[in-house]
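Enquirer: Construct the complete structure from the given sequences, taking the supplied hints into account.
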Amino acid sequence: MKKEALAEIEREFKGERADLIPVLQRIQAIYDYLPKEAIRKTARWLKISENEIYGVATFYAQFRFGPRGKHHLKVCLGTACHVNGGEQMLEVLKRRLEINPGETTADGKYDLERVVCLGCCALAPVVTFDDKTYAQMSVLKLQGILDEHKKA
Amino acid sequence: MNTKKLETRREQAAKKWLEFQNNKRPLIYVGTGSCGLAAGAAEIIGAMETYLKNKKLEADIVRVGCIGPCYLEPLVDIRMPGKQRISYSNVTADNVPRLLEAFFEKGEVYKPRLVGHFGAEAIEGVPKFFDHPMLAPQVRIVLRNCGIIDPENLDHYLARDGYQAIEKSLVMPWKEVLETVKNSGLRGRGGAGFPTWRKWLFCRETESAERYLICNADEGDPGAFMNRSLIEGDPHALLEGMLIAAYTLGATKGFIYIRAEYPLAIERLKSAIAKIRDLDLLGEHILGSDFSFDIKIKEGAGAFVCGEETALMASIEGKRGMPRTRPPFPAVSGLWGKPTVINNVETLGTLPNILRNGAIWYAQYGTESSKGTKTFSLVGKVRRTGLIEVPLGTSLRRVIFDIGGGLVKEFKAVQTGGPSGGCLGKEFLDTPIDYENLAAAGSIMGSGGLIVIDKDTCIVDTAKYFLSFTQAESCGKCVPCRVGTRHLVDILQKICKGKGEITDIHKLEKLGSAIKGASLCGLGQSAPNPVLTSLKYFREEFLAHIMNKRCPAAVCRDLVVYRIIKEKCTGCQRCVQVCPTGAITGPRSEIHNLDETKCIKCRSCYEICRFDAIAGDAIIIES
Numbered sequence: 080m081k082k083e084a085l086a087e088i089e090r091e092f093k094g095e096r097a098d099l100i101p102v103l104q105r106i107q108a109i110y111d112y113l114p115k116e117a118i119r120k121t122a123r124w125l126k127i128s129e130n131e132i133y134g135v136a137t138f139y140a141q142f143r144f145g146p147r148g149k150h151h152l153k154v155c156l157g158t159a160c161h162v163n164g165g166e167q168m169l170e171v172l173k174r175r176l177e178i179n180p181g182e183t184t185a186d187g188k189y190d191l192e193r194v195v196c197l198g199c200c201a202l203a204p205v206v207t208f209d210d211k212t213y214a215q216m217s218v219l220k221l222q223g224i225l226d227e228h229k230k231a
Numbered sequence: 003m004n005t006k007k008l009e010t011r012r013e014q015a016a017k018k019w020l021e022f023q024n025n026k027r028p029l030i031y032v033g034t035g036s037c038g039l040a041a042g043a044a045e046i047i048g049a050m051e052t053y054l055k056n057k058k059l060e061a062d063i064v065r066v067g068c069i070g071p072c073y074l075e076p077l078v079d080i081r082m083p084g085k086q087r088i089s090y091s092n093v094t095a096d097n098v099p100r101l102l103e104a105f106f107e108k109g110e111v112y113k114p115r116l117v118g119h120f121g122a123e124a125i126e127g128v129p130k131f132f133d134h135p136m137l138a139p140q141v142r143i144v145l146r147n148c149g150i151i152d153p154e155n156l157d158h159y160l161a162r163d164g165y166q167a168i169e170k171s172l173v174m175p176w177k178e179v180l181e182t183v184k185n186s187g188l189r190g191r192g193g194a195g196f197p198t199w200r201k202w203l204f205c206r207e208t209e210s211a212e213r214y215l216i217c218n219a220d221e222g223d224p225g226a227f228m229n230r231s232l233i234e235g236d237p238h239a240l241l242e243g244m245l246i247a248a249y250t251l252g253a254t255k256g257f258i259y260i261r262a263e264y265p266l267a268i269e270r271l272k273s274a275i276a277k278i279r280d281l282d283l284l285g286e287h288i289l290g291s292d293f294s295f296d297i298k299i300k301e302g303a304g305a306f307v308c309g310e311e312t313a314l315m316a317s318i319e320g321k322r323g324m325p326r327t328r329p330p331f332p333a334v335s336g337l338w339g340k341p342t343v344i345n346n347v348e349t350l351g352t353l354p355n356i357l358r359n360g361a362i363w364y365a366q367y368g369t370e371s372s373k374g375t376k377t378f379s380l381v382g383k384v385r386r387t388g389l390i391e392v393p394l395g396t397s398l399r400r401v402i403f404d405i406g407g408g409l410v411k412e413f414k415a416v417q418t419g420g421p422s423g424g425c426l427g428k429e430f431l432d433t434p435i436d437y438e439n440l441a442a443a444g445s446i447m448g449s450g451g452l453i454v455i456d457k458d459t460c461i462v463d464t465a466k467y468f469l470s471f472t473q474a475e476s477c478g479k480c481v482p483c484r485v486g487t488r489h490l491v492d493i494l495q496k497i498c499k500g501k502g503e504i505t506d507i508h509k510l511e512k513l514g515s516a517i518k519g520a521s522l523c524g525l526g527q528s529a530p531n532p533v534l535t536s537l538k539y540f541r542e543e544f545l546a547h548i549m550n551k552r553c554p555a556a557v558c559r560d561l562v563v564y565r566i567i568k569e570k571c572t573g574c575q576r577c578v579q580v581c582p583t584g585a586i587t588g589p590r591s592e593i594h595n596l597d598e599t600k601c602i603k604c605r606s607c608y609e610i611c612r613f614d615a616i617a618g619d620a621i622i623i624e625s
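Protein sequences appear in the order of chains A and B.
In case it helps, this note's numbering puts the first sequence at residues 80 to 231.
In case it helps, this note's numbering puts the second sequence at residues 3 to 625.
In short, the hints are calculated from the structure, not lab data.
Errors might be hidden in some of the hints.
[What the hints assert, rightly or not] List of simulated lysine-lysine pairs, DSS-like, C-alpha gap at most 27 Å: (1) B:Lys57 with B:Lys113; (2) B:Lys130 with B:Lys113; (3) B:Lys501 with A:Lys120; (4) B:Lys603 with A:Lys173; (5) B:Lys551 with A:Lys211; (6) B:Lys501 with A:Lys173; (7) A:Lys126 with B:Lys300; (8) B:Lys501 with A:Lys115; (9) A:Lys173 with B:Lys499; (10) B:Lys300 with A:Lys211; (11) B:Lys551 with B:Lys496; (12) B:Lys411 with B:Lys340; (13) A:Lys153 with B:Lys300; (14) B:Lys113 with B:Lys170; (15) B:Lys300 with A:Lys115; (16) A:Lys126 with B:Lys321; (17) B:Lys298 with A:Lys126; (18) A:Lys93 with B:Lys26.
Expert: This is the structure:
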């Protein structure tokens, strides 16, 4: 637990109820997920029960409760991506990485997420690999990207 | 009022804009909205910087927002000193040296990938950019600055009449501003189309020491990106609109509730807010008047239901984003129990134009009941995809076939209104797009997603897709939505697997109408629309799945097979190499064999057979 990180967050906010979600977002920005310890401390600081914080945090898709893989793969399944074959892209990744969306590979290298619309609908179907967005994907293009990354 | 600071800055801005227009150094514009970046704009900028450095050339690179035709991204424009701005499409890092060489070293206009030029003067052999078939039929009011100005540069916005509308509004009584908005006929652009002025009046007439204004930028509809493009391309238009609305409402505090998935839009808003604070356009006593207002950005945390007004407010208050019953309406009792108005990004972004040019000017566009223009994200199986703005009342045919350039394959339907809307077929192509017509057809205007579907898209699968989406996003508070959508998905899944029964159709209709009638909020009340409209207009496709166990579009995986057409197979072995399960076998130069029991329908063989030069387009997917 990075003590100073939480102290810094405490300085940034007034400590009101309305700060809960932004605070959780800041914690996740630091740790990449919401550690139990951080939630416990937030509960004490904001005077909201841990139960209630979990209630709020689990409601929103953004929050994670455990560490992710080293590389993040996201398959967009917005409407435009869906009609242009996004589902097939997800199948490729599920098969190649042997994980389901929301999971991390056993070696901790990749995690896979399905997202609904990244807003690049005109370039569907879209897959993102870490910060890079790949437009107009096909099953073969995607496999090529995976092969290249595995080699590197 | 004290507008001295603003006036001084405005004079400077005009000068800077003039300098920008009469550039002494070559200017290179690169479209760097999220879509441009996805298409590779960052790599292009890198390649340009390298080229300029190696050749010791000087030029300024301007990062502009999305100008609309996303299918042409990445778009790169070049303006040499004393010349006009010329635009190129689908540029790649490899093209950069040749493109720059033509302009910088040979002093000529590069011809490949040429789209057109901006500006009035004709250039031989170069068409006008706005004569492009995708752009010519459009009327750009809210998008007027997108792709034209540098969104990070306040001077650009100021030089194009920016913040004139708020200056004008502040010397008018609030009732007069309200009257102008009323006469303009502006209705909520978030989807429901409630008259903007009426919402404002409800709020203003509620006695309270504090009132709030919320900008709903939680653009959750999959397939819609109008709000993102506007914020990324012209953030000040939204901020100015918020100032006008807040002044009319007497609101002291404003929130922009924006999706965390839009990092670039958030960044641009933050920087724009900081800039106008310095000009006394935000904070205490704006421009020396009695009006004080401040804006805070609230990032959404990924919940579609938070696009619903009451859920959105719960989220801002730090709670689970669950809707509550209305009344009381937010205009009477909203955020922290105070009167609150929630307006969509586009509604707010339109306001400066209305105040600047007048209600009559705005009302000249549109139909009797739906005035003005509307932006749409035109995507799916249409040739020219992108962001467009047209007067309300424009027909779907004009949008899809004239602006969108039609489809490669046969048109089947257009999906409007996202997960709350429906699929409309051929018979609606000549229907003018407005709030009433779309509602009468069983769909809704929604926030502006138009997804074009061709004969290769399965209607049942599309309905299943939307229902799975709303089912997953249902907050779980009320039973009809939580349980009802789950059952709709189960039935649709059954049909897609070829296990549907004829009684399922009746079940879908009965359950759908029950969910519509009994759900608590807009999410549940509109969730069955995709399946109900599809059943109404495309019933035979449901019947094909149920009675014949066939998917006419060859999409539903349990109902299709992959097959090799013997006459076309060249025996190139490309499919054998890519097949992950060893389902395809056969020696080189002999007809290959596909073992259906091993095939997982992953599409690899189909793709390679179609796109590889030596393959013969021999693999088909059929039902």
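Enquirer: Could you run down the list of hints and mark each one as holding or not?
Expert: Tested hints:
Taking the CA atoms of lysine 57 of chain B and lysine 113 of chain B, the gap is near 22 Å; set against the 27 Å cutoff, the hint holds. Note on lysine 130 of chain B and lysine 113 of chain B: the hinted pairing holds, with a Cα-Cα distance of about 14 Å set against a maximum of 27 Å. Restraint check for lysine 501 of chain B and lysine 120 of chain A: the C-alpha separation of about 52 Å exceeds 27 Å, so the hint is violated. Proximity of lysine 603 of chain B to lysine 173 of chain A is assessed by CA-CA distance (about 14 Å); at most 27 Å being required, the pair is judged to hold.
With a CA separation close to 41 Å, the supplied pair lysine 551 of chain B and lysine 211 of chain A exceeds the 27 Å bound. Using a Cα cut-off of 27 Å, the hinted pair lysine 501 of chain B and lysine 173 of chain A holds, with the two alpha carbons roughly 26 Å apart. A distance of roughly 21 Å separates the Cα atoms of lysine 126 of chain A and lysine 300 of chain B; the hinted pair therefore holds under the 27 Å criterion. Taken as a hint, the lysine 501 of chain B and lysine 115 of chain A pair is broken in the structure, with Cα atoms around 45 Å apart against an allowance of 27 Å.
Between lysine 173 of chain A and lysine 499 of chain B, the direct Cα distance comes to roughly 21 Å. Compliance with the 27 Å bound is thereby established for this hinted pair. Proximity of lysine 300 of chain B to lysine 211 of chain A is assessed by CA-CA distance (about 25 Å); at most 27 Å being required, the pair is judged to hold. Taken as a hint, the lysine 551 of chain B and lysine 496 of chain B pair is honoured in the structure, with Cα atoms around 11 Å apart against an allowance of 27 Å. A C-alpha spacing of about 53 Å is found between lysine 411 of chain B and lysine 340 of chain B, which places the hinted pair above 27 Å, so the restraint is violated.
Among the hinted pairs, lysine 153 of chain A with lysine 300 of chain B is consistent with the structure: their alpha-carbon atoms are about 24 Å apart, no more than 27 Å. Under the criterion of a C-alpha separation no larger than 27 Å, the hint pairing lysine 113 of chain B with lysine 170 of chain B is inconsistent with the structure, at around 46 Å. Using a Cα cut-off of 27 Å, the hinted pair lysine 300 of chain B and lysine 115 of chain A holds, with the two alpha carbons roughly 24 Å apart. Taking the CA atoms of lysine 126 of chain A and lysine 321 of chain B, the gap is near 14 Å; set against the 27 Å cutoff, the hint holds.
Distance check on the hinted pair: lysine 298 of chain B and lysine 126 of chain A sit about 23 Å apart at the alpha-carbon level, within 27 Å; holds. As the CA atoms of lysine 93 of chain A and lysine 26 of chain B are separated by approximately 50 Å, the hinted pair breaks the 27 Å bound.
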